[in-house]
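K.L.:
Please model the entire structure based on the sequences and the hints provided.
Number of protein chains: 2
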Amino acid sequence: MSITGKILINGQWVKGADSEFNAANPATGASSAEKFSNADLAQVDEAVTLASAAFDTFSQYSDKQKATLLRTIAEELEAIRPAIVERGTWETALPEMRINGELGRTIGQLNMFATLLEKGDWKRPVIDLAQPDRQPLAKPDLRLTQVPLGPVVVFSASNFPLAFSVAGGDTASALAAGCPVIVKTHGAHPGTSELVAGAILRAIETCGAPKAIFAMLHGSGRIIGTALVKHPKVKAVGFTGSIAGGRALYDVAVSRPEPIPFFGELGSTNPVYLLAKSLEDTAEQIAESFLGSLMMGVGQFCTSPGMLIAVKGPAFDRLVATLAEKAPVLGAGSMLTAGICASYNKLCAERDALPSLKAIAKGTAGDSAASQAQVALFSVDATDYLANQDLEEEVFGPSTLVIACNDEAQMLEVAASMKGHLTGAIFAEEADQAAAAKLLPILQQRIGRVLFNGYGTGVELSSAMSHGGPYPSSSASQTTSVGTRAIERFTRPLCYQNTPDALLPVELKNANPNGIMRLVNDQWSDKAIG
Amino acid sequence: MSITGKILINGQWVKGADSEFNAANPATGASSAEKFSNADLAQVDEAVTLASAAFDTFSQYSDKQKATLLRTIAEELEAIRPAIVERGTWETALPEMRINGELGRTIGQLNMFATLLEKGDWKRPVIDLAQPDRQPLAKPDLRLTQVPLGPVVVFSASNFPLAFSVAGGDTASALAAGCPVIVKTHGAHPGTSELVAGAILRAIETCGAPKAIFAMLHGSGRIIGTALVKHPKVKAVGFTGSIAGGRALYDVAVSRPEPIPFFGELGSTNPVYLLAKSLEDTAEQIAESFLGSLMMGVGQFCTSPGMLIAVKGPAFDRLVATLAEKAPVLGAGSMLTAGICASYNKLCAERDALPSLKAIAKGTAGDSAASQAQVALFSVDATDYLANQDLEEEVFGPSTLVIACNDEAQMLEVAASMKGHLTGAIFAEEADQAAAAKLLPILQQRIGRVLFNGYGTGVELSSAMSHGGPYPSSSASQTTSVGTRAIERFTRPLCYQNTPDALLPVELKNANPNGIMRLVNDQWSDKAIG
Numbered sequence: 001m002s003i004t005g006k007i008l009i010n011g012q013w014v015k016g017a018d019s020e021f022n023a024a025n026p027a028t029g030a031s032s033a034e035k036f037s038n039a040d041l042a043q044v045d046e047a048v049t050l051a052s053a054a055f056d057t058f059s060q061y062s063d064k065q066k067a068t069l070l071r072t073i074a075e076e077l078e079a080i081r082p083a084i085v086e087r088g089t090w091e092t093a094l095p096e097m098r099i100n101g102e103l104g105r106t107i108g109q110l111n112m113f114a115t116l117l118e119k120g121d122w123k124r125p126v127i128d129l130a131q132p133d134r135q136p137l138a139k140p141d142l143r144l145t146q147v148p149l150g151p152v153v154v155f156s157a158s159n160f161p162l163a164f165s166v167a168g169g170d171t172a173s174a175l176a177a178g179c180p181v182i183v184k185t186h187g188a189h190p191g192t193s194e195l196v197a198g199a200i201l202r203a204i205e206t207c208g209a210p211k212a213i214f215a216m217l218h219g220s221g222r223i224i225g226t227a228l229v230k231h232p233k234v235k236a237v238g239f240t241g242s243i244a245g246g247r248a249l250y251d252v253a254v255s256r257p258e259p260i261p262f263f264g265e266l267g268s269t270n271p272v273y274l275l276a277k278s279l280e281d282t283a284e285q286i287a288e289s290f291l292g293s294l295m296m297g298v299g300q301f302c303t304s305p306g307m308l309i310a311v312k313g314p315a316f317d318r319l320v321a322t323l324a325e326k327a328p329v330l331g332a333g334s335m336l337t338a339g340i341c342a343s344y345n346k347l348c349a350e351r352d353a354l355p356s357l358k359a360i361a362k363g364t365a366g367d368s369a370a371s372q373a374q375v376a377l378f379s380v381d382a383t384d385y386l387a388n389q390d391l392e393e394e395v396f397g398p399s400t401l402v403i404a405c406n407d408e409a410q411m412l413e414v415a416a417s418m419k420g421h422l423t424g425a426i427f428a429e430e431a432d433q434a435a436a437a438k439l440l441p442i443l444q445q446r447i448g449r450v451l452f453n454g455y456g457t458g459v460e461l462s463s464a465m466s467h468g469g470p471y472p473s474s475s476a477s478q479t480t481s482v483g484t485r486a487i488e489r490f491t492r493p494l495c496y497q498n499t500p501d502a503l504l505p506v507e508l509k510n511a512n513p514n515g516i517m518r519l520v521n522d523q524w525s526d527k528a529i530g
Numbered sequence: 001m002s003i004t005g006k007i008l009i010n011g012q013w014v015k016g017a018d019s020e021f022n023a024a025n026p027a028t029g030a031s032s033a034e035k036f037s038n039a040d041l042a043q044v045d046e047a048v049t050l051a052s053a054a055f056d057t058f059s060q061y062s063d064k065q066k067a068t069l070l071r072t073i074a075e076e077l078e079a080i081r082p083a084i085v086e087r088g089t090w091e092t093a094l095p096e097m098r099i100n101g102e103l104g105r106t107i108g109q110l111n112m113f114a115t116l117l118e119k120g121d122w123k124r125p126v127i128d129l130a131q132p133d134r135q136p137l138a139k140p141d142l143r144l145t146q147v148p149l150g151p152v153v154v155f156s157a158s159n160f161p162l163a164f165s166v167a168g169g170d171t172a173s174a175l176a177a178g179c180p181v182i183v184k185t186h187g188a189h190p191g192t193s194e195l196v197a198g199a200i201l202r203a204i205e206t207c208g209a210p211k212a213i214f215a216m217l218h219g220s221g222r223i224i225g226t227a228l229v230k231h232p233k234v235k236a237v238g239f240t241g242s243i244a245g246g247r248a249l250y251d252v253a254v255s256r257p258e259p260i261p262f263f264g265e266l267g268s269t270n271p272v273y274l275l276a277k278s279l280e281d282t283a284e285q286i287a288e289s290f291l292g293s294l295m296m297g298v299g300q301f302c303t304s305p306g307m308l309i310a311v312k313g314p315a316f317d318r319l320v321a322t323l324a325e326k327a328p329v330l331g332a333g334s335m336l337t338a339g340i341c342a343s344y345n346k347l348c349a350e351r352d353a354l355p356s357l358k359a360i361a362k363g364t365a366g367d368s369a370a371s372q373a374q375v376a377l378f379s380v381d382a383t384d385y386l387a388n389q390d391l392e393e394e395v396f397g398p399s400t401l402v403i404a405c406n407d408e409a410q411m412l413e414v415a416a417s418m419k420g421h422l423t424g425a426i427f428a429e430e431a432d433q434a435a436a437a438k439l440l441p442i443l444q445q446r447i448g449r450v451l452f453n454g455y456g457t458g459v460e461l462s463s464a465m466s467h468g469g470p471y472p473s474s475s476a477s478q479t480t481s482v483g484t485r486a487i488e489r490f491t492r493p494l495c496y497q498n499t500p501d502a503l504l505p506v507e508l509k510n511a512n513p514n515g516i517m518r519l520v521n522d523q524w525s526d527k528a529i530g
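Taken in sequence, the protein lines are chains R and E. Residue numbers for the first sequence follow this note's numbering, so the first one is 1 and each next one is one higher. Residue numbers for the second sequence follow this note's numbering, so the first one is 1 and each next one is one higher.
Just to be clear, a hint being listed does not mean it is correct.
Same chains, same label: a pair holds when it works inside one copy or across any pair of copies.
Stated by the list, open to error - Keeping only pairs whose Cα atoms sit at most 30 Å apart, straight-line, the calculated DSBU-like set for lysine-lysine is: (1) K419 / K230; (2) K312 / K358; (3) K211 / K419; (4) K438 / K64; (5) K119 / K527; (6) K438 / K119; (7) K119 / K509; (8) K438 / K509; (9) K277 / K64; (10) K527 / K509; (11) K438 / K419; (12) K139 / K64; (13) K312 / K35; (14) K139 / K438; (15) K139 / K419; (16) K509 / K277; (17) K438 / K233.
Since the hints were derived computationally from the structure, they do not count as laboratory data.
P.N.:
Written as structure tokens, this is what we have:
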């Protein structure tokens, strides 16, 4: 499929009126044949203004209409799978199997929200019936539902060119909620972005939806990104990326005359706690499975395990010995961009220079011209770790810090010293449950997803998933960016009081035509009223 | 009951280490016999640090334990009803019946959250069972619940000395969630605050709860309020008050190294739309019921109707004539403080001076020494209204602007020009439903509660209530400060993956011991698993 390098506004491919750039293959350093054009500020205003006008129509779409749109986008993506995989692997250096899998995940997300919409109870309908005879005052009829916020700006991620990018989870959940979406692409995969945006546009055309409910703009985060977040008609932002970039845009969102929610999934180091019996019995297996998780996507998962915490002793020594034995033969891998690779190497060099850190092992040295990074494992004494809070910060890439504790009490102290993380893992056997019970309340205050005997790198699409956590892992720790509940980010409650049945939205009507579960007079019911 | 003027930290009444002040009776100008002492910054730090330490215990409280605490607070308040009513009326100039009713509401809120906790399903438990045989990868067991955020600062409101103050909705919902509360009192009713705080303390002692889960501090919003919001161990803020004051504290909350949610219920003018047939049939009745709603609490309700919008014509003239006839005989009433009254009179004088506004009527002139305000009704042509956006702003007190539209299209234009409001009312008969159907999608984007044939001044305690709305009516439009769902503001999701049943919280255990409704594999079920 041919790539035009254009941006998409109101269903039209147009040349961005600002500067141009080429895509790059990080594994070869090659530049793309095509030039991509960045939007200027007038085009930002045009895209948002038209999206806001389209919201008047789109906000009234039924759940069924939105479900059809999402399923059609999924079909259009499947129809161009070979082109997406070819371009995606070229732009990101991620292996074909990974891009194929990530496209499957992206399609799965769209269909997951379609299924949620078809089920029809996602707006959490609540009905409290009138009590006209209540004394001293009659109780009115009250009915609660959720309504969409308005145009949403979505910032694509570098590390998931499909699942957290143009048609990724933020876009799928915002469209499912009834919000138009303006995507600010990531410069690391503009051609992939264009292909995906084309699929969305064809679905919009097929479904006859307002064309301005989706726009795709190339441009710098600092200029175009800031302008999008500042625009008065934008009502929410979805973001996946670094703490520095995310915080800068968060600050813009909350400084507006009308502040708006900023759903930023930022950085996380994802501590892994190894409890005594589990370590004793499986030190070698943990070392191997850990390296496998760490190397997924060359350590570029937001849930990549960046800290291993255990108590010193013979089992701990076996763990470190196995890491030291297995890591050096791990091959280097190309990172997503030359800049990300350079940043990773710089952070590893800084850790190399810290006197309190010991290098456990490094992987095979990579080809720097191919932006290749190697695994880098360090260890630190818990006492030194507790004295240097910077060590908690994420090193984006395949590096991990092993924290050696004197005893269980110091392990709990390390846990209690931490800020927010997306995931926290505990390796525990039955004999470790008492220790786990002490660790859990500490993690409860700091972690978005607690998991046992595994790593956080697989983030299921599920109604029970939460992908988020206390700051800085998320700028909106009360929400999730993965799973069905992600849709709630783009809605707010609306209460109807004494409203004629004919004017109520379908989920609140007496007849309950879709037979959905509702809270009626504080009792769950899927029946009609009256 | 004797008033000490002290502040409450860790279950101890201590003298605030900063300046002192007297309470005032706004109706007489009299000063209280007692002196009240303001907390200093060291006391702020002490209260928050101890609350944070107490959170480790309190966050593990069962729903039943928290319910007992809330019910005991309610009982302790009921036990000192005469003292609260006496002091409350003296400090606020609100009539005894109102303070009695508001105390009933406050007790009702505490018991409402206790009932919610006893029901046990408020954490929205979701369970997706493992699929060990799924290809290519096994699906893990995932279980989702909500956990409390940590210490919450609650700012008392001037206009609801009980229901939105020390033991008000924010405190009740935060404690219900499992969060310690530090109350920053409002200077307009410090004695009432002390009585209420004493009731809370006695309940904490009776229940054997950690004493530091509740503190009460007097002090200035600018100094003590800012220090509380800035404190790193504070994790959320509840606020009811003015846009200016709320926005200043919001800015502090979001500028912290770790930003925290700021649940601010700010200003609202609560437009009332009168549709043609309803106006035609009931112009006189609407005028009378409207004045009744406007005069509730001397117009000092956040849901007070500050705008009446209708289409010009004979029925509109009858409405205005009735207002002009009935308003002048309405008696003046003392406002909550001399400062609030002065501000109201200043804003009314500014409106008097605007050439585009016509005065419809004023109520009986009041005694300015008694901080008495009179009703002030103005009218404006919709064309002039649309040209002057400042007219949308709240005038805190019994003033209303009647907006005269040329036709239905202009009424829709006025509706579409507005920002966020807590409530929006529509007066409509069956023949008005087509017009209402055009108005509703516009209000959907701007209003927290839409109501028919009534006013927003009654805010029911109900699971279907939403009290909030787009900015500036709320700084957190995705939440409500009234009704059971207010508890969700002080929690965040936590996902458990592959967690041993023995370590799961009760709402996620296989046995479902409390028989609560859960979403299991995307189906609603109140049964046990397996």
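K.L.:
For a quick check of understanding: which of the numbered hints are violated here, in increasing order?
P.N.:
9 and 13
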